[in-house]
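Engineer: In case you want the letters, here they are:
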Amino acid sequence: MISLFWRGFDRSTAAFIVVILALAVAVPLFNLMLPPESPFHVPTYLVSLWGKYACYAMLALSIDLIWGYCGILSLGHGAFFALGGYTMGMYLMRQIGTRGVYANPILPDFMVFLNWDHLPFYWYGFNWFPYAAVMVLLVPGLLAFVFGWFAFRSRVTGVYLSIITQALTFALMLGFFRNNFGFGGNNGLTDFKEILGFNVQVAGTRAALFAISCVILAFMLLMCRAIVTSKFGKVLIAIRDAESRTRFLGYRVESYKLVVFTLSACMAGVAGSLYITQVGIINPSEFAPANSIEEVIWVAVGGRGTLTGAILGAVIVNYARTYFTTGFLAPYWLFVLGGLFVGVTLLLPRGIVGTIQHLWAERRRPDKTDPDPQPVGEPAPAE
Amino acid sequence: MQFHEGGFHWGGWVAVLLAVVMLFAATPLRAAGLEEALAHFTLDDYGEIEEGIAALAASGDPRAASLIEALQDDRLLYSAEQKKVFYKDTSGKLFDAATGAPVADGGPADIDIVSVNNRIRRAIDAALGGLTLMSPDPAKRLESAQAVFKSREANVLPAIEAALEKETNPRIKRVLNEARAAIILNSDDAEEADKLAAVAVIRSRGDQDAVGLLQGLPGDTPPAVATAAKSAVAAIANELAIWDLAQNAWFGLSLGSVLLLAAIGLAITFGVMGVINMAHGEMVMIGAYVTFVIQELARTTYMAYPGLLEYSLVIAVPAAFVIAGFIGIVIERGVIRFLYGRPLETLLATWGLSLIIQQAVRTAFGPSNREVSTPSWMSGTFEVGHLNVTYNRLWIICFTLAVFVALLGMLRFTRPGLEMRAVTQNRAMAAAMGIRTARIDALTFGLGSGIAGIAGVALSQIDNVSPNLGQGYIIDSFMVVVFGGVGNLWGTLVGALSLGIANKFLEPVAGAVLGKIAILVLIILFIQKRPRGLFALKGRAVEA
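If you're matching them up, the sequences are chains A and B in order.
The first sequence runs contiguously to residue 383 in my numbering.
The second sequence runs contiguously to residue 1544 in my numbering.
Please keep in mind that the hints were generated in silico from the structure rather than gathered at the bench.
The beta carbon of each residue, even a glycine, is placed where N, CA and C say it ideally should be.
A couple of the hints might just be wrong.
[Stated by the list, open to error] For each label pair, taking beta carbons as the anchor points, the in silico distance ranges come out as:
id, chain 1, residue 1, chain 2, residue 2, range
1, B, 1511, A, 331, 33 to 43 Å
2, B, 1521, A, 179, 19 to 29 Å
3, B, 1511, A, 360, 51 to 61 Å
[Unchecked claim] If you want the ones that stay clear, here's a sample from chain A, every Cβ over 12 Å from chain B, calculated:
id, residue
4, 14
5, 19
6, 20
7, 35
8, 129
9, 151
10, 201
11, 215
12, 237
13, 360
With the rest of the complex left out, here is chain A (with noise of 0.2 Å):
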């Protein structure tokens, strides 16, 4: 098991891994220990924003596992977070307890509005933090397996797999508007007091978490380097590159594929959680298939198939957008994120990291052979 992590670090992994632990050591110092008028303090805000960031960057990573390594494109994993995000946010409303505006011991605010008199049932037990936290994993990953079960097993794949993943969160987004759906309808759940009985507003709770994210983030990164360079990880290459084949070896592509699919799920679903916890809302218009959408396109400008691409597409993406959305620029966002779609899948196609490490690898090599030619294709009709 050891030796399985320890074969994950190869140089660019482990300087990630070694950025992300300092921040997650200096930013909390910085900000705790520091007084307000040092130049290096860092803000609370900040500490929050790039908490955030963090969750984000844990969410592209794990669309990279599966599209940069499996081939399977999802545009619902915006779903598995936001579930995940949900999840953890009904922990926190019911540590509300009686500080809620109706000041319920047990409903929730939104519950008391719609005159229910009782707790519905899949609200029972979300009152214990470790069973919320095991819920995190197991409502996401049971999603993604039963979904991945029908999807996998009817050899649905590419654009068809992308459209009903698409169709998935569109559905999940008009359920979650619903206030009979018992998770507080368009205005989702919010105005958390405390988290393990810690305030979340104040700042040592949130250099706590950000902390914690990463960790957990850097955490990520090594397991799912250790998956891709597996056997297992070299079969989930084979199945992205040649599907058929890898099925006439006598490999059960369907099952490699729920797997991943699963726990990429999975760690969305962590992602949603952390993310929650420090943005102190979460809504139904996460479920939104545009934000499904855009996560991809953070994962394809970090440069997909390169985990640590994942996180830096990520972690530029959104400074991008904090950037452009909150000044005179706002109205050319649209223009800006447009382009980079545009943009990265005609110019870039490595992406960033990609195109860095296929750069190094031509100038270690003697002959100037391009190993690695980029697939030019001809269309190919629909399956």
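Start from chain A and add chain B according to the hints.
Structural biologist: Okay, now just chain B, sitting in the frame of chain A:
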């Protein structure tokens, strides 16, 4: 020509002559009837006034209705001394009721308002109802007959019966009959046989109002009539349920045709090139904005070409096709052709294009909804039985079918259509036979986009023209294509119509949102059974 003009003059003279004769003959008679009737109003007695109303209504004088209305509004005055009646018009000017001549300085000294009590008011209503029942305007007659059906005022019955004898319009006659039946059913002194006949009349009306009437019969209704009414209600409810089904099917058909229009372009590009065009919805949106722009142009040149506004939609169809098709070709040549063989990347790039197009339109036209007016030949409704059919929906269905047939014909009978089919089935072989596949790709993409633009023209009539217009259709269109299968337009047709109808039938049962979710889940399950849709390509083309 000469003869014709002579004839015309001759006819004119006869008409004038006749009019003069009638004027001489009729005026004294009429005036007498009117004066006699008016005399009742000068006696300050409710019984007399009621008789006066009846006499006024029976006089047939053209001013009778306005005089009764004046009475209703306390604008009818009388002088007991002079035995004269006056009326004020709505602006308060005084006139002599018998002659219609204006009266100066407030009339005689003892002038007073003709007083009205509840009994008189009912008489007034009945008389007015009766008078409009005889109105020369059929629309007014119909309206008042329907009003009587609703009010069931017993004392209108004689007027109804009088009108029934004269009425020639079958539709108004039917409503009059129903009104009569409604009055009979609610009156105390009608015969049981009459009431039973009345139930049958109401039963044949067969709508929600009829049910309401039959369920709200007075308590002293004879038992035989009550049971007849009960069975009639049950029969009507059955009929209405069937009409409800028909209405749902119609709505479904209408939704299905919209889906078909939006999806058909997608089906072509996806079928031929295997390219998922996420910017397809934006092509629809562009089509809608082209309609808007052309309508604005027509409005600004309204003075010079007044007919243009009415037919701006007809102009918008080819314009939208050309503009959207051109943008489609630009997209294909500029972006998509570099991404062939990488369908997932194509999907992402076209999604990016859709964001850019949306934002560009938002910058140019503003984020709010734009008004596209409906020409008069597309607005309004008509009824088939109990089915409400709106003209614009009907036009859209016809238009969709026309587009579908045209496209089918184009693919079947023209050279580019043949080449498109060849490329769909086997690209390499088609290229070997000398078909320039790259040009076919560009053409196909242009065609698909152009049809999306046409869809936008139609959708501008039933949806909000805003930058987000296309987004609402994109997932539904994909569902249609996935459900129907690619490479076959019939699959798209069947897919769109069945999704539309299923949607509208699920909506009343499960609610709009749950119905939609159910459809999505059903499609996901359907994909399990037939991963390539209803009408899949068979043979070698499948594993290209």
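Engineer: Each hint needs a verdict: does it hold in this structure or not?
Structural biologist: Quick rundown of the hints versus the structure:
{"no.": "1", "hint": "1511/B - 331/A: 33 to 43 Å", "in the structure": "holds, 37 Å"}
{"no.": "2", "hint": "1521/B - 179/A: 19 to 29 Å", "in the structure": "holds, 20 Å"}
{"no.": "3", "hint": "1511/B - 360/A: 51 to 61 Å", "in the structure": "holds, 57 Å"}
{"no.": "4", "hint": "14", "in the structure": "holds, 30 Å"}
{"no.": "5", "hint": "19", "in the structure": "holds, 28 Å"}
{"no.": "6", "hint": "20", "in the structure": "holds, 27 Å"}
{"no.": "7", "hint": "35", "in the structure": "holds, 43 Å"}
{"no.": "8", "hint": "129", "in the structure": "holds, 31 Å"}
{"no.": "9", "hint": "151", "in the structure": "violated, 8 Å"}
{"no.": "10", "hint": "201", "in the structure": "holds, 35 Å"}
{"no.": "11", "hint": "215", "in the structure": "holds, 31 Å"}
{"no.": "12", "hint": "237", "in the structure": "holds, 16 Å"}
{"no.": "13", "hint": "360", "in the structure": "holds, 23 Å"}
Checked against the numbered hints given earlier, the structure breaks only hint 9 and satisfies all the rest.
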